[in-house]
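Peer 1: Here are the chains, one letter per residue:
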Amino acid sequence: MAEQLLDQARDIFEGQIDFEGQKLAELLVNIALSLVGALALFAGYFLQDIKLAVYLGLGGTAATFLLVVPPWPFFNKNPVKWLPVAGVAPPTNIVVDEKMFR
Amino acid sequence: MYSSVVRLQNTFGFFTTVAFVVASLVSLSDFLSARTPTVDLLKTTSLQVVKGRPHYYSSKKEEYAIIKFSLDADLSSLFTWNTKQVFVYVTAEWPSLGSQNNTNQAVIWDKIITAPSSDHLANIGPIERKRLKKSAGGKPIDPSRGKLQLKNQRYKYQITHPSGRIASQEDVVLKLHYNVQPWVGILTWNQEQTWGKWQALKGAASKKFALPALKKKDEGKKNKTTRT
Amino acid sequence: MLSSLGSPRQAAAQLMNFGLILSTAFMMWKGLSVITDSPSPIVVVLSGSMEPAFQRGDLLLLWNRNVIEETSVGEIVVYNVQGKDIPIVHRIIRKFGTGPEAKLLTKGDNNPADDTELYAAGQDYLNRKDIIGSVVGYIPFVGYVTIMLSEHPWMKTAMLGIMGLVVVLQRE
Chain A
1 MAEQLLDQAR DIFEGQIDFE GQKLAELLVN IALSLVGALA LFAGYFLQDI KLAVYLGLGG
61 TAATFLLVVP PWPFFNKNPV KWLPVAGVAP PTNIVVDEKM FR
Chain B
1 MYSSVVRLQN TFGFFTTVAF VVASLVSLSD FLSARTPTVD LLKTTSLQVV KGRPHYYSSK
61 KEEYAIIKFS LDADLSSLFT WNTKQVFVYV TAEWPSLGSQ NNTNQAVIWD KIITAPSSDH
121 LANIGPIERK RLKKSAGGKP IDPSRGKLQL KNQRYKYQIT HPSGRIASQE DVVLKLHYNV
181 QPWVGILTWN QEQTWGKWQA LKGAASKKFA LPALKKKDEG KKNKTTRT
Chain C
1 MLSSLGSPRQ AAAQLMNFGL ILSTAFMMWK GLSVITDSPS PIVVVLSGSM EPAFQRGDLL
61 LLWNRNVIEE TSVGEIVVYN VQGKDIPIVH RIIRKFGTGP EAKLLTKGDN NPADDTELYA
121 AGQDYLNRKD IIGSVVGYIP FVGYVTIMLS EHPWMKTAML GIMGLVVVLQ RE
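Protein chains in written order, with the working numbering: chain A, 1 to 102; chain B, 1 to 228; chain C, 1 to 172.
The hints are simulated quantities; they were obtained by calculation from the structure and are not laboratory data.
Be aware that a few hints might be false.
Claimed, not checked - With the C-beta cut set under 10 Å, the calculated list includes, among others, these residues of chain A facing chain B:
no., residue
1, 4
2, 5
3, 15
4, 19
5, 25
6, 26
7, 30
8, 33
9, 45
10, 51
11, 54
12, 57
13, 59
14, 71
As the list claims (entries may be wrong) - Stretches of chain B that chain C covers, calculated by requiring three or more beta carbons in the stretch to come under 8 Å of a beta carbon on chain C:
no., region
15, 39 to 51
16, 115 to 123
Note that beta-carbon positions come from the ideal geometry of N, C-alpha and C, so glycine has one too.
Generate coordinates for the entire structure from the input sequences, incorporating the hints supplied.
Peer 2: Here it is, written out as structure tokens:
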């Protein structure tokens, strides 16, 4: 029971995403944070407002964290399709608890 | 990037890189804005030398110079988005015996001019703070605070010399200095030479003057009797 | 994590890697120390005596060479007092004489009085050798973590707890 709960907690905590999703996440982090930095710099410089720059930078960074850290569904659109195990004929039926699975 | 922890670490890592680059560019932006500080007037208005004690429990008596001055300066161009405060100070400088250089320097007056972005950090009372914030009128920077007009300003620090003697000292000058404290980057002081868009601070020194002799003894006695 | 104990080669490689990171950091610190000629080229502000210029937790970059001119009035210096461990960051307000024997007096911008009271008994002025560097660069807030950890011990416990949780929840 405890083991199962821990396993579930691990699943949620791990937040695994597929390979395409990992590529996308990397790209998103780089683009989003660079944009936020540039925006903060230019807005701050042209409006001569350092506080605005800090708030823009921190706010944008928080938004980026929210965008990439959780395993959003769009990071899991291309699940890996495993090949069937070669050489071993797939079992035709499995009996578990007197029920038949196919 | 397969798990949340790794994504958190990588994102934070890149955030520190971006923050460092942006901070560097902010500090470099200082060099883009011109600095044209001017001093229109700096002169002494009253000079006095009295005897006193460094601490109330000290048995040693020293001579103290008490200087009042007038100042008219415009440091408004020092205030940009990266200016946290400007520290303005007036020094008295005089040579030692047998030396041509001003080997003695002492601050007689200073002032912290905060930018609106650092008003909340200034060490002042709530009423004064409110007045200061109101004076900025909601603007992120307020260069008008850099306009200094002081008339017959009283010294903030009475000055002496380790030898205890300062009366009748000749060739004393007052000099205006400033120190720009940025939000991030290098600290800068007033310059002797123009450097890129930053102009030298000219006319920052007063005319040479001599401190008066010590106040007459009977005058001092009179003061003493009135005090006791 | 524990599996690395099984293969000594992997454990040794990890140890070497860790040692490399530590020695790189140490060399960079010492290199900076040589360039700036200061025993401690980067300091964290611990007191509010220079407010509003420096807050607690701000990072200061020091420079301890007199290439162009001597350390003089108006500079913000970090100095050590004999018999006290904690370096102090204050501004020089008086200087009498020149060279290594010049008498220097300091004061915190936010303090009403000068530092005579902070100096060692019988010491009225600082000398150049008491100074470990003049402040030339400023980075706000970055050093605040060290202050938080040293002043609020529960934060260390909380950090250890979070780390432990991450280890438990992470799959090999």
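Peer 1: Does each hint fit the structure? Answer for all of them.
Peer 2: We went through each hint and held it up to the structure:
About 20 Å separates the beta-carbon of residue 4 of chain A from the nearest beta-carbon of chain B, more than 10 Å, and the hint is not met. Given hint, residue 5 of chain A at the interface with chain B, is violated; its Cβ is 19 Å from that chain's nearest Cβ, farther than 10 Å. A distance limit of 10 Å between C-beta atoms decides the matter here; for residue 15 of chain A the minimum to chain B is near 4 Å, and the interface restraint holds. Proximity of residue 19 of chain A to chain B holds as hinted, the smallest CB-CB distance being about 8 Å (cut-off 10 Å).
Residue-level restraint check for residue 25 of chain A holds (minimum Cβ-Cβ distance to chain B is 5 Å; threshold 10 Å). A hinted interface residue such as residue 26 of chain A counts as satisfied when its beta carbon comes closer than 10 Å to some beta carbon of chain B; here the least separation is about 6 Å, so the hint holds. The beta carbon of residue 30 of chain A comes within 7 Å of a beta carbon in chain B, closer than 10 Å, and the hint placing it at the interface holds. Interface restraint check for residue 33 of chain A: the shortest CB-CB distance to chain B comes to about 5 Å, inside 10 Å, so the restraint holds.
Here the hint on residue 45 of chain A is kept, as its CB sits about 6 Å from the closest CB of chain B, short of 10 Å. The beta carbon of residue 51 of chain A is positioned within 10 Å of a beta carbon in chain B (closest approach about 6 Å), and the interface hint is therefore held. Satisfaction of the interface hint for residue 54 of chain A is found here, the shortest Cβ-Cβ separation to chain B being roughly 9 Å, below the 10 Å cut-off. Evaluation of the residue 57 of chain A hint against chain B yields a held restraint, the C-beta minimum of about 7 Å falling below 10 Å.
Among the interface hints, the one on residue 59 of chain A is violated; its C-beta lies about 12 Å from the nearest C-beta in chain B, farther than the 10 Å criterion. The interface hint given for residue 71 of chain A is met, as the beta carbon of that residue sits about 7 Å from the closest beta carbon of chain B, less than 10 Å. Only residues whose beta carbon comes within less than 8 Å of a beta carbon in chain C count, and the region 39 to 51 of chain B has 0; fewer than three means the coverage is violated. Coverage of the region 115 to 123 of chain B by chain C holds in this model, with 4 residues showing a Cβ closer than 8 Å to a Cβ of that chain against a need of three.
The structure fails hints 1, 2, 13, 15 (numbered hints given earlier, in ascending order).
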